[in-house]
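Undergrad: Chain by chain, the residues run as shown.
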Amino acid sequence: LTVHAQIQSITKLFSGSQVRFQAPPNSLVSFFDASLPGTLPVLNRRCVEAAVMTGLALDCVINRKSLFDRKHYFYADLPAGYQITQQRRPIAVDGTLTYSHLGGTRRNTLITKSVRIKQIQLEQDSGKSLHDDRRGQTLIDLNRAGVGLMELVMEPDMSCGEEAAAAVRELQLILQALGTCQGHMDEGQLRVDANVSVHRPGDPWGVRTEVKNINSGRNLARAIDYEIQRQVGVLKNGGTVQNETRSFDRKSGHTLPMRDKEGLQDYRFMPEPNLPPLIVYDRPSTAPPCVHPSQVVVLEEVRAGLPELPRARRTRLVESYDILPEHSFTLVNEDGLTDYFEAVVKETKAGPRKVIGWVNQVLLGLLHHHSLSVSQSPVTPQMLAQLLNLQENGQISSSVAKQVFQELWRAPGKTAQQIIQEQDLGIVSNTTEIHRICQKVVDSHPDQVQAIRGGNKKVLNKLMGLVQKETKGRADPVLVRSILEEKTS
Amino acid sequence: MSVVNYTRTLQKVILNIGPRCYHRWVTTASVALRIRDSKQNFRCRLWCGLLTPVHYQYSTEGNTSKVPSVATWEPVLENQLPPAKQVPADLVDKLERLALVDFPNQEGLVCLKKAIRFADQLHVVDTEGVDPMDSVLENRALYLREDAVAEGDCADRLLQLSKDTVEEYFVAPPGNIPLPGREEC
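Those protein sequence lines, which keep their order, are chains E and X. Residue numbers for the first sequence follow UniProt numbering, beginning at 1 and rising by one. Residue numbers for the second sequence follow UniProt numbering, beginning at 1 and rising by one.
In case anyone wonders, no lab produced these hints; they're calculated from the structure. Remember, it's a predicted structure, so these values are computed and weren't measured experimentally. Note that CB positions come from ideal geometry on N, CA and C, so glycine has one too. Be careful, since some hints might not be right.
[As the list claims (entries may be wrong)] Some chain X residues judged to face chain E by a derived CB distance under 7 Å, without partners named: (1) Arg117; (2) Phe118; (3) Asp120; (4) Glu128; (5) Asp134; (6) Arg140; (7) Leu142; (8) Val149; (9) Ala150; (10) Leu158; (11) Ala172; (12) Pro174.
[To be verified] Calculated lysine-lysine pairs in the DSSO-like style (CA-CA distance at most 27 Å, straight line): (13) X:Lys85 / E:Lys128; (14) E:Lys251 / E:Lys212; (15) E:Lys458 / E:Lys354; (16) E:Lys118 / E:Lys251; (17) E:Lys71 / X:Lys113; (18) E:Lys71 / X:Lys66; (19) E:Lys414 / E:Lys462; (20) E:Lys440 / E:Lys414; (21) E:Lys349 / E:Lys402; (22) E:Lys458 / E:Lys469; (23) E:Lys71 / X:Lys85; (24) E:Lys402 / E:Lys414.
One chain only, chain E, in its complex shape (with noise of 0.2 Å):
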């Protein structure tokens, strides 16, 4: 995978033009970006102390002395026709980066891989074109040109769509942690292009296409599963794979191949004249005396500011909550959801394990359905926490509480006290009524009562659905199956 992620700076990597998303056409253009003569790079320290940061928590080693080059091609929204990269020596080599995703057979064990991290570069960005095919033309946005873009480049270790997926994912997290990038593939912050090839085990490798036009993850896992199928067919047939650059395109899902490309492009690298290289320094000692503390990026500094990483957090919730790792995988892998729960433990006395089924499958099944983020919740942490509470004093049963939750959903003026008296959803404690409703059931369903009398336990389970059903779910159901077992036994 080759990942290009732009850089959550205030101004651009060489100019002092701002960084928006969505601005007048060319109204963030200085003169370089525009590559008028006579304009000369400058470079953000905003930018280098990103790129380091991100080298740093992705392990890898840290260039001291890292260099500039040029990258020559034509093209409408690269105005100098060349782009100024780091080919050479980047700014950070040879990481990994671990990433877990959800598999086994019933998708709930979590399974941890890594993948290395070839170099990790700064290079700029080029403009955006819009283009105009009923009248010929191309429209040349340069908003975009000159943004800071960190582009890291794996190895290929990855086997499947799903991996891939889990890796972007896991990256975007640390970039979101660390604020060096904010990681909206959709708004084009983060981009990944995917390099796919097969071959037989034991071959050498196969010919590699480059898939482009990916914008979410989802998509980026379609994408490489469809080209690991079409490339086996193509070999099957008997046929080669081209070395090709290859478009997704997400209504079909299938990858065509793009026009305009002439072959292998000739980049003419050449070291960047106007940049001496970047020096990045380890202690503060080791910086020269005479400089100045701004102009100077220190190792140390940068690494004791580091936030905490998602895999960090996902450990401190194992730990601290005594949850399984899936469950904290769950958690940190949706936005706020870590916070949501973390806030509900807090204000219940219910213990975090069930907290956890509640939060993990109950609340994150229904923004799901509705395709909501945690932020948009009808239920807020507060409310689910006060549910948690009734069912722990033992108010209300626990189907009860699924329902009140229901209800809590759609209608989230109400607290749960008012549902439960509305609907007269209290708990049934009163034994000899309880007694009155199985043995009403256990009457009325002779054969199977015999069928449990004969060995076979799961037709409980149906006898105690009828019971509920004539509560209306309020009965408690431990002293339901213990009535229903004492009775059919």
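Got chain E; can you put chain X on it based on the hints?
TA: Frame of chain E, contents of chain X only:
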């Protein structure tokens, strides 16, 4: 006396005038011209082919310049260069496409071959154990700018530079126009 000695004496004369004086290093060629009728005319004409750099220097002390008074380079002979590289026609096409340089006719190709031959002189230099240099600035410190907005918001001035604009966008042809092949020229 030889031309060289004459020049040196001339220089010493100028130098001994005083500390803050205006020195003018005389070209060997101009000295030679003054000795027009000397017996050493032939050797002077040889010297005329070489140029000692004319160098104006204001200094408070003696001659501290590292520029040699006499040229020290020797022409590189043909047999010292590596064998001449052939430039096939599709390489010329590729160069035209990559660099957008036009080699319209045979003269252009001859010029290209001469340029390559001239650059081949670099191979004579022994670079064993020497790191390549990128630019003369590579020992300077790279200036790091603060992350604050200082430029931008000049869309109208930039759009004025382009003759074809549509609603604040620059207009370009759809994709790269491929160069016509050699046969079509």
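Undergrad: Now tell me if each hint is right for this structure.
TA: Status of each hint after checking the structure:
no., hint, verdict
1, Arg117, "violated (21 Å)"
2, Phe118, "violated (19 Å)"
3, Asp120, "violated (19 Å)"
4, Glu128, "violated (21 Å)"
5, Asp134, "holds (4 Å)"
6, Arg140, "holds (5 Å)"
7, Leu142, "holds (5 Å)"
8, Val149, "holds (5 Å)"
9, Ala150, "holds (3 Å)"
10, Leu158, "holds (5 Å)"
11, Ala172, "holds (4 Å)"
12, Pro174, "holds (5 Å)"
13, X:Lys85 / E:Lys128, "violated (41 Å)"
14, E:Lys251 / E:Lys212, "holds (15 Å)"
15, E:Lys458 / E:Lys354, "holds (25 Å)"
16, E:Lys118 / E:Lys251, "violated (33 Å)"
17, E:Lys71 / X:Lys113, "holds (26 Å)"
18, E:Lys71 / X:Lys66, "violated (38 Å)"
19, E:Lys414 / E:Lys462, "violated (33 Å)"
20, E:Lys440 / E:Lys414, "violated (36 Å)"
21, E:Lys349 / E:Lys402, "holds (18 Å)"
22, E:Lys458 / E:Lys469, "holds (18 Å)"
23, E:Lys71 / X:Lys85, "holds (26 Å)"
24, E:Lys402 / E:Lys414, "holds (15 Å)"
Going through the hint list in order, the structure does not satisfy hints 1, 2, 3, 4, 13, 16, 18, 19 and 20.
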